[in-house]
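The primary structure of each chain is shown beneath.
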Amino acid sequence: GNSVTQMEGPVTLSEEAFLTINCTYTATGYPSLFWYVQYPGEGLQLLLKATKADDKGSNKGFEATYRKETTSFHLEKGSVQVSDSAVYFCALQTGANSKLTFGKGITLSVRP
Amino acid sequence: DTAVSQTPKYLVTQMGNDKSIKCEQNLGHDTMYWYKQDSKKFLKIMFSYNNKELIINETVPNRFSPKSPDKAHLNLHINSLELGDSAVYFCASSQPLQDSPLHFGNGTRLTVT
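Heads up: the sequence lines are chains A and B, in that order.
For the first sequence, position 90 matches number 90 in the working numbering, and the numbering has no gaps at all.
For the second sequence, position 57 matches number 57 in the working numbering, and the numbering has no gaps at all.
The shape of chain A in the complex, shown without the other chains (with noise of 0.2 Å):
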């Protein structure tokens, strides 16, 4: 079956640090990759998605590449800000209907 484990949580960071959240996967089948973040209060909206192997997906200063040959799509951003503080899930799916398996998640807090 489909998993998405997570590096543990939280992650504290000061503002202007560089940020890595892990993600690993097992798929079977050719997954799509994704990565959602959650702000306080709210519902998920997708930050960045990549589909194939070696795709980039970025938004909003942040990145994350398809490896396939390492099963992994970990997410980067250079220079971190407060407003980036939010719970932060990896995501894959296969299949048109299937069913989106999402990671744990990971809290984020970014200090001024």
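If you are wondering where the hints come from, they were derived from the structure by calculation, not from laboratory data.
You may find that some hints are simply not true.
Simulated restraints, written as ranges between beta carbons of each label pair [as the list claims (entries may be wrong)]:
#  : chain 1 : residue 1 : chain 2 : residue 2 : range
1  : A       : L13       : B       : K52       : 42 to 50 Å
2  : B       : P8        : A       : Q45       : 20 to 28 Å
3  : B       : D70       : A       : T28       : 31 to 39 Å
4  : A       : D54       : B       : T111      : 42 to 50 Å
5  : A       : D54       : B       : D70       : 38 to 46 Å
6  : B       : G16       : A       : L13       : 22 to 30 Å
7  : B       : G16       : A       : K56       : 49 to 57 Å
8  : A       : G41       : B       : D99       : 22 to 30 Å
9  : B       : D38       : A       : V82       : 37 to 45 Å
10 : B       : L97       : A       : T26       : 19 to 27 Å
11 : A       : N22       : B       : G16       : 24 to 32 Å
Beta carbons are placed, not taken as given, at the ideal position from N, Cα and C, and that holds for glycine.
The hints should help you fit chain B onto chain A, whose structure is shown.
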């Protein structure tokens, strides 16, 4: 305009009661979902409907019954509420394509006392 809207935002009720949560999307999507998020932020899919037909039904107690009167609405009815049902419930919608992202509502925080 809110794309996926859920009501109510908060729901506090006693054990044994029956309650409903409503969801509507104005994105023209064919597929809608219900997810449960526990206190540790873990997300678990409960149900998925495509064009009013049930396509995913995870291991969820029979006390939970989804209803989709049309493809823009997916409601969740819960009978005989238990303490363990306390969680945040999220509705979402998408197109039935592999790389089509989900659009989530802002959640309904259910507290059972």
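Here is what the structure says about each hint:
no. : hint                       : verdict
1   : A:L13 - B:K52: 42 to 50 Å  : 45 Å, holds
2   : B:P8 - A:Q45: 20 to 28 Å   : 21 Å, holds
3   : B:D70 - A:T28: 31 to 39 Å  : 33 Å, holds
4   : A:D54 - B:T111: 42 to 50 Å : 46 Å, holds
5   : A:D54 - B:D70: 38 to 46 Å  : 41 Å, holds
6   : B:G16 - A:L13: 22 to 30 Å  : 45 Å, violated
7   : B:G16 - A:K56: 49 to 57 Å  : 52 Å, holds
8   : A:G41 - B:D99: 22 to 30 Å  : 28 Å, holds
9   : B:D38 - A:V82: 37 to 45 Å  : 27 Å, violated
10  : B:L97 - A:T26: 19 to 27 Å  : 22 Å, holds
11  : A:N22 - B:G16: 24 to 32 Å  : 44 Å, violated
Hint compliance for this structure: hints 6, 9, 11 are broken, all remaining hints hold.
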